[in-house]
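Residue numbers (the working numbering), protein chains in the order written: chain A, 144 to 380; chain B, 367 to 656.
These aren't lab readings, by the way, just hints derived from the structure by calculation. Check before you lean on any hint, since a few could be wrong.
A few chain A positions that, by computed beta-carbon distances, are all more than 12 Å from chain B [stated by the list, open to error]:
no.	residue
1	A152
2	E168
3	G174
4	R274
5	G330
6	G341
7	A377
Listed next, with one range per pair, are the computed distances between beta-carbon atoms [unchecked claim]:
no.	chain 1	residue 1	chain 2	residue 2	range
8	A	P160	B	G455	13 to 23 Å
9	B	V483	A	F158	47 to 57 Å
10	B	L448	A	G214	16 to 26 Å
A few chain B residues that face chain A, going by a derived Cβ cut-off under 10 Å, partial list only [unchecked claim]:
no.	residue
11	I532
12	A535
13	E540
14	A543
15	V546
16	G547
17	V550
18	R551
19	A552
By construction, the Cβ of each residue, glycine as well, lies at the ideal position given by its N, Cα and C atoms.
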Amino acid sequence: MPDALLRVAGLRVAFGPREILRGVEFALAAGESVALLGPNGSGKSTCLNAISGWIAIAAGDVEVAGVRTSGWPMHRVVRHGVVQVSQSRDLFPDLSVEDNLLLGGHTRSIAENDARLPEMYALFPRLDERRRQVLRTLSGGEQQMVAIGRALMSRPRLLLLDEPSGGLSPQLVAETARTMTALRARGVTMLLVEQNLGLALKAADRYLILRDGLVADGGAVSARSGSYDDIVRAIYL
Amino acid sequence: MFFLQLALSGLAQGAIYALVALSMCVVYRATTVVNFGHGDLVMAGAFVVYLLVVLAGLPFPASAIAAVALLFILGALIEIGLIERIKAGPHIGFALMCIAVGYLLRGAARAVWGREVLPMPRVFDFPPVMLGELVVTADALVIFSAVGVLLMLFFGLFYRTSAGRIMQAVCQSERGAALVGINVRAFHGVMWGVGAAMGAIGGVLVAPLTLLHPGLGAGFLIKGFAAMTLGGFGSLGGAVAGGLLLGVAEQWVGGYVSTKLIDITAYLVIILVLALRPSGLFGQAVAERV
Numbered sequence: 144m145p146d147a148l149l150r151v152a153g154l155r156v157a158f159g160p161r162e163i164l165r166g167v168e169f170a171l172a173a174g175e176s177v178a179l180l181g182p183n184g185s186g187k188s189t190c191l192n193a194i195s196g197w198i199a200i201a202a203g204d205v206e207v208a209g210v211r212t213s214g215w216p217m218h219r220v221v222r223h224g225v226v227q228v229s230q231s232r233d234l235f236p237d238l239s240v241e242d243n244l245l246l247g248g249h250t251r252s253i254a255e256n257d258a259r260l261p262e263m264y265a266l267f268p269r270l271d272e273r274r275r276q277v278l279r280t281l282s283g284g285e286q287q288m289v290a291i292g293r294a295l296m297s298r299p300r301l302l303l304l305d306e307p308s309g310g311l312s313p314q315l316v317a318e319t320a321r322t323m324t325a326l327r328a329r330g331v332t333m334l335l336v337e338q339n340l341g342l343a344l345k346a347a348d349r350y351l352i353l354r355d356g357l358v359a360d361g362g363a364v365s366a367r368s369g370s371y372d373d374i375v376r377a378i379y380l
Numbered sequence: 367m368f369f370l371q372l373a374l375s376g377l378a379q380g381a382i383y384a385l386v387a388l389s390m391c392v393v394y395r396a397t398t399v400v401n402f403g404h405g406d407l408v409m410a411g412a413f414v415v416y417l418l419v420v421l422a423g424l425p426f427p428a429s430a431i432a433a434v435a436l437l438f439i440l441g442a443l444i445e446i447g448l449i450e451r452i453k454a455g456p457h458i459g460f461a462l463m464c465i466a467v468g469y470l471l472r473g474a475a476r477a478v479w480g481r482e483v484l485p486m487p488r489v490f491d492f493p494p495v496m497l498g499e500l501v502v503t504a505d506a507l508v509i510f511s512a513v514g515v516l517l518m519l520f521f522g523l524f525y526r527t528s529a530g531r532i533m534q535a536v537c538q539s540e541r542g543a544a545l546v547g548i549n550v551r552a553f554h555g556v557m558w559g560v561g562a563a564m565g566a567i568g569g570v571l572v573a574p575l576t577l578l579h580p581g582l583g584a585g586f587l588i589k590g591f592a593a594m595t596l597g598g599f600g601s602l603g604g605a606v607a608g609g610l611l612l613g614v615a616e617q618w619v620g621g622y623v624s625t626k627l628i629d630i631t632a633y634l635v636i637i638l639v640l641a642l643r644p645s646g647l648f649g650q651a652v653a654e655r656v
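Can you build the whole structure from these sequences, using the hints too?
Next comes the structure, spelled out in structure tokens:
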């Protein structure tokens, strides 16, 4: 991929003696949405955490927009335009919805945030109704909306989403799916880790399958013509 | 009238406790580290002022500003150079490191002055103000004004500005803060500096009113803990309220029971609050939806 926005090469991550990622290689073009699939423990979230700078890598390279970001602390990676929505969301529970969103854009100017905030409320009308509400009083689904909105406030080049449907009711999963589709339609470049295969493939142009810390398979979602049985087989068998 | 006069004296003393407790609380909220050496930073602030005023002959306001600035730098250096390095280790390591740094400061002061008690010339030397039959001393007036302005500045900054929003954010979720691009490590250093500087202001204010000695910080540490416990551990407003209440309680106990009990009031407060209402007066159970 000559004009890759994200390039991951030979990525290795170990927790103590256990090697979680053993040389992961892939690339993402700008505007592309890619789902990272795989069984539990295959290293999907570790891969996102390594790209975002939250965990240290043992070897390999991560390059974003032609700049090597591996080894950078997370705040520097964020300022370079790579923003993660973590599995635990990591929001600010005692601040209002609006303050949470504004903090997402704190690296941007006040004018940029003023312009961006109405866009977020248009994307998530429910948050508009609750903009003054303290975050901890929101439902899990609403908090997920804040987490995604907060990440989008800084206009990231690349959005990393870790299990956006995790812990949500089926109704809220459907709502999350709509959000993902809307983001994809807006051309947001996304790398998505998701256990819900239906949601993942609806939101993605391409999928990659991680197995035992390596990319084992992958391809275009459109080539599957609605039947994902072989992807399920590739993941679990 | 005696009751009110005692309360007034207590509030002046309590304002210093409030400042010390708030400064400890700032460090605790920002970094989850309880600084067991904080009292010695207060002592260091007082001693730096003494050095600059008495030995270097500088005017008190300039000495006060220099002491606070110096303690800001010292606080930040302690965090960046010592605390940050042991972040991955067990939490007890923070406590031991803080105690060691505190005793090091105390030991350094003892190495120079031994067990000498140092008097500083009076700075706030103007006649007391009468409020009806109540007497407000010059010292009390200066402390009320200085602490009042400082608290308004601090809470205004913390709750009303975008810099304060960032401070609140890191206090609530470090990972969340990193996820929005905040340099959490640098922030910790700054907040230790802010905590040490605020503690130093307490030391600077008491320096002209009390006899200085290297063990001065131990009392402030326990008063700070008592105020934090009374107000609700981790609550910024609670630390201030706890400090004021502790100051008043000490005076009432001294005035109506025995002056010998003033020094143990803080210990009694800690024991009673923890036994009867561990969340403190202003602490509350947090409700969270999942």
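Item to complete: Just double-check A:E168 for me: nearest Cβ-Cβ distance to chain B has to come out over 12 Å.
Response: Given that every Cβ of chain B is farther than 12 Å from that of A:E168, nearest at about 26 Å, it holds.
Worksheet item: Against chain A, is B:R551 within 10 Å by beta-carbon distance?
Response: holds (8 Å)
Discussion item. Tell me if the interface restraint on B:G547 is satisfied: Cβ within less than 10 Å of some Cβ in chain A.
Written reply: The hint holds - B:G547 has a Cβ within 10 Å of chain A, the shortest such distance being about 4 Å.
Discussion item. Take the shortest C-beta to C-beta distance between B:I532 and chain A; is it under 10 Å?
Written reply: Check passed: Cβ of B:I532 comes within 6 Å of chain A, closer than 10 Å.
Fill in: Pairwise beta carbon distance, B:V483 to A:F158, judged against the given window 47 to 57 Å
holds (56 Å)
Worksheet item: For A:R274, which was marked as not at the interface, is the minimum beta-carbon distance to chain B over 12 Å?
Response: It holds; A:R274 is separated from chain B by about 15 Å at its closest Cβ, greater than 12 Å.
Worksheet entry | Range hint 16 to 26 Å (beta carbons of B:L448 and A:G214) holds or violated | Holds, since B:L448 and A:G214 (Cβ atoms, about 24 Å apart) stay within the stated range.
Worksheet entry | Status of A:A152, Cβ more than 12 Å from any chain B Cβ | The assertion about A:A152 holds, with a minimum of 24 Å to chain B.
Discussion item. Given B:E540 as an interface hint, is its Cβ closer than 10 Å to any Cβ of chain A?
Written reply: holds (9 Å)
Worksheet item: Between A:P160 and B:G455, does the C-beta distance stay in 13 to 23 Å?
Response: Since A:P160 and B:G455 have Cβ atoms about 20 Å apart, the given range 13 to 23 Å holds.
Worksheet entry | Closest C-beta approach of B:A552 to chain A relative to 10 Å, hint status | holds (9 Å)
Worksheet item: Is the nearest Cβ of chain B still more than 12 Å from the Cβ of A:G330?
Response: holds (22 Å)
Every hint, counting from the list given before, is met by this structure.
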